[in-house]
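Sequence order for the protein chains is A and B. Residues in the first sequence are numbered from 19 upward in steps of one, following the working numbering. Residues in the second sequence are numbered from 11 upward in steps of one, following the working numbering.
The hints are simulated quantities; they were obtained by calculation from the structure and are not laboratory data. Certain hints may be false.
As the list claims (entries may be wrong) - Restricting the straight-line Cα-Cα distance to at most 30 Å, the calculated cross-link-like pairs of lysine-lysine (DSS-like) are:
1. A:Lys80 to B:Lys256
2. B:Lys251 to B:Lys333
3. B:Lys240 to B:Lys256
4. A:Lys80 to B:Lys251
5. B:Lys342 to B:Lys256
6. B:Lys240 to B:Lys155
7. B:Lys376 to A:Lys80
8. B:Lys256 to B:Lys277
9. B:Lys256 to B:Lys376
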Amino acid sequence: MIRFAAFCLALLTPLASAAADPSAERARELVRMVRQDCGSCHGLTLKGGLGPPLLAESLREKPVESLRYTVLLGRHGTPMPPWSAFMNEAEADWIVRRLMEGFPEETR
Amino acid sequence: MKSLLSILAAVLLSACAAPALRGTGDLGLVIERASGSVAVVDNSARAILGRVEGLGDLSHASTVYSRDGRYAYVFGRDGGLTKVDLLERRIARRIIQAGNSIGGAISQDGRLVAAQNYQPGGVKVFDAETLELLADIPAAFGDGKQFSKVVGLADVPGNKFAYALFDAGEIWVADLSTPRAPKLTKFRNIGSQPYDGLVTPDGRHYIAGLFGEDGLALIDLWKPEQGARKILADYGKGAEKLPVFKMPHLRGWAVAGGRAYLPAIGKHEVLVVDTATWREVGRIPVKGQPVFVMARPDGRQIWVNFAFPDYSHVQVIDTLEQKVVQTLAPGKAVLHMEFTPRGESVWISARDDNRVVVFDTASFAKLAELPAQNPSGIFFTSRAARIGF
Numbered sequence: 019m020i021r022f023a024a025f026c027l028a029l030l031t032p033l034a035s036a037a038a039d040p041s042a043e044r045a046r047e048l049v050r051m052v053r054q055d056c057g058s059c060h061g062l063t064l065k066g067g068l069g070p071p072l073l074a075e076s077l078r079e080k081p082v083e084s085l086r087y088t089v090l091l092g093r094h095g096t097p098m099p100p101w102s103a104f105m106n107e108a109e110a111d112w113i114v115r116r117l118m119e120g121f122p123e124e125t126r
Numbered sequence: 011m012k013s014l015l016s017i018l019a020a021v022l023l024s025a026c027a028a029p030a031l032r033g034t035g036d037l038g039l040v041i042e043r044a045s046g047s048v049a050v051v052d053n054s055a056r057a058i059l060g061r062v063e064g065l066g067d068l069s070h071a072s073t074v075y076s077r078d079g080r081y082a083y084v085f086g087r088d089g090g091l092t093k094v095d096l097l098e099r100r101i102a103r104r105i106i107q108a109g110n111s112i113g114g115a116i117s118q119d120g121r122l123v124a125a126q127n128y129q130p131g132g133v134k135v136f137d138a139e140t141l142e143l144l145a146d147i148p149a150a151f152g153d154g155k156q157f158s159k160v161v162g163l164a165d166v167p168g169n170k171f172a173y174a175l176f177d178a179g180e181i182w183v184a185d186l187s188t189p190r191a192p193k194l195t196k197f198r199n200i201g202s203q204p205y206d207g208l209v210t211p212d213g214r215h216y217i218a219g220l221f222g223e224d225g226l227a228l229i230d231l232w233k234p235e236q237g238a239r240k241i242l243a244d245y246g247k248g249a250e251k252l253p254v255f256k257m258p259h260l261r262g263w264a265v266a267g268g269r270a271y272l273p274a275i276g277k278h279e280v281l282v283v284d285t286a287t288w289r290e291v292g293r294i295p296v297k298g299q300p301v302f303v304m305a306r307p308d309g310r311q312i313w314v315n316f317a318f319p320d321y322s323h324v325q326v327i328d329t330l331e332q333k334v335v336q337t338l339a340p341g342k343a344v345l346h347m348e349f350t351p352r353g354e355s356v357w358i359s360a361r362d363d364n365r366v367v368v369f370d371t372a373s374f375a376k377l378a379e380l381p382a383q384n385p386s387g388i389f390f391t392s393r394a395a396r397i398g399f
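Okay, chain A solo, but in the shape it has when bound (with noise of 0.2 Å):
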C-alpha cells in the first residue's frame, strides 16, 4: 500500500513540477489575486488574520501537494473556500511553490 502510495506519488509530482510557468501576465494576475483577495483573511502581507499565516516559515513543514489541494478545494470546517474556478492546477502549484520560497510582492 505505500509503495503504491509511494508510485502514485512519484507520478504526480513531476508532472506537477513539469507544468509550464504561467505567463509572465497571469503570473501578475495571480500575484495580486494572492495578496489582495487571498490576502483579505491571511493578510496583505501574508502574516496572517482570520486564516493562518503563508509566510515560507510557516509553511516550511508542510507537503505542498496537501497545500495544493487546499487551496484548490477549500479546507472542510474552516472558512477556506476552493479556488478551483478561479485558477488551474499548475497555476496553484506554482503559488504554492512562490509562497514556500517567500511570495513575490506586486510589481506595478
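Since chain A is already given, all that's left is putting chain B on it; use the hints.
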C-alpha cells in the same frame, strides 16, 4: 521706504499663510491599503486635501473618530494604532499594540479607544488622549491557555464594549466604567465561529454573525440576564452553502424602518428581519455574496457590495419596494462605501482601479472621481456621533 514696503509685504504674506479656521464635520479619511497612507478628504468639496503617510500595514484597516471630530484612530492589520490629526494632517501619536489586529472602537464618553486583536487574541483599551494602555483583556477560553481571535468589537452604552470570540463561540461584554478594572460578562455557546458583530443604532441589541452554522446570535443588552439567543437559525436549510471568498462585514449595519438588512453568508441574498420580533420577513436576491449591507442615513435605500468574484458591482435596494432598483459598476474590486452625513451622496472605493467614485444617491449620477492608491475603507467624521461606529 523700500524696506518698509518689503516688511509690510512680509507681514501681509504671513497673515495670508496662517491656516483658515475650519470645522471637521465634512472631513474624512480614505485608507490606501498598500502604501500605508491615508488620504484626508473633504466631502463637501469632494476633494482630497492631502495625505498622511507611515501608518504601516493597512490591509483591513478601519477608523473611529474622537468625539470632537478632529482625530482619527486608525487600526492597522500589523497592530499599529495611529492617531491622525485631520486638521494638521499629521500623525499625532502612534503605537504598535499587538502583532495582528482587526479593528477597534471608541467608548461612549470618547475617553477610551479599544482595539480587537487576533494575535495575541484579546482586547486592549487605551486612553484616547495619550494612547496609554489602560486595560488588557486576553480572550482566554477553554482551559484558559488558548486565546481566541476577537471580532465584531462595538461600543455600547454604559462605556461598555461588546465583542465576539471567533475560536471560542462566545460573546463578551466588557464594562469599562472603571477603565483600569474592566468587568466582564461572558455569554457562552452562542454558536459556531462568530465572524463579525454589530450593535443596533439604539445600542440595545448586539448581533454576531456565525460562519460555522446558519443564523446569528442576538443579545438584548437591556436584558442581559436572558442570555444570547439564535435568530434566523434556518436561513440556509436545504441549500448547499456556496464557498465564501470574503467574510461579510456586519459593522456599518443596516437597520431601517423597523427592519434589519443582513448579509446571508454563502448566498446571493440579503436577509430582511423584523427588529420587533427578530423573525425573518423576507430575502432579497442580489448579484453576489454581500460583504457590506449599509443603509443610507434616512433608511430609504440599502447599498450592497460583494465578495470576489462579483466585486465590481454595487446594488441598491429600495426599502419600500423591497427589491434591487439599481446596479452600478464603479470600478474593479469595490471594497467599501460611505455615505455623506445626511446621505445625499455616497463614496465608493474601487481598489484595483485606484479610484474613489462619488455618486448622487437620488439620481445615481456620478459626481466625482478621485485618484487613490488601492483604496479600501472610507470613513467620515460623522461616525464620531453614532453608536457602533
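Here's how the hints hold up against the structure:
For a cut-off of 30 Å, the pair hint linking lysine 80 of chain A to lysine 256 of chain B stands: about 25 Å separates their Cα positions. With a CA separation close to 23 Å, the supplied pair lysine 251 of chain B and lysine 333 of chain B stays within the 30 Å bound. Only pairs whose Cα atoms come within 30 Å are accepted, and lysine 240 of chain B paired with lysine 256 of chain B is accepted, the gap being roughly 23 Å. Note on lysine 80 of chain A and lysine 251 of chain B: the hinted pairing holds, with a Cα-Cα distance of about 28 Å set against a maximum of 30 Å.
Of the supplied pair hints, the one linking lysine 342 of chain B and lysine 256 of chain B holds, its CA atoms being roughly 15 Å apart against a limit of 30 Å. Annotation: proposed proximity of lysine 240 of chain B to lysine 155 of chain B holds, straight-line Cα distance about 28 Å (limit 30 Å). The suggested pairing of lysine 376 of chain B with lysine 80 of chain A is violated, with an alpha-carbon distance near 49 Å, which exceeds 30 Å. Distance check on the hinted pair: lysine 256 of chain B and lysine 277 of chain B sit about 12 Å apart at the alpha-carbon level, within 30 Å; holds.
With a C-alpha separation of about 27 Å, the suggested pairing of lysine 256 of chain B with lysine 376 of chain B holds against the 30 Å cut-off.
Against the hints set out earlier in the document, a violation occurs for number 7 only.
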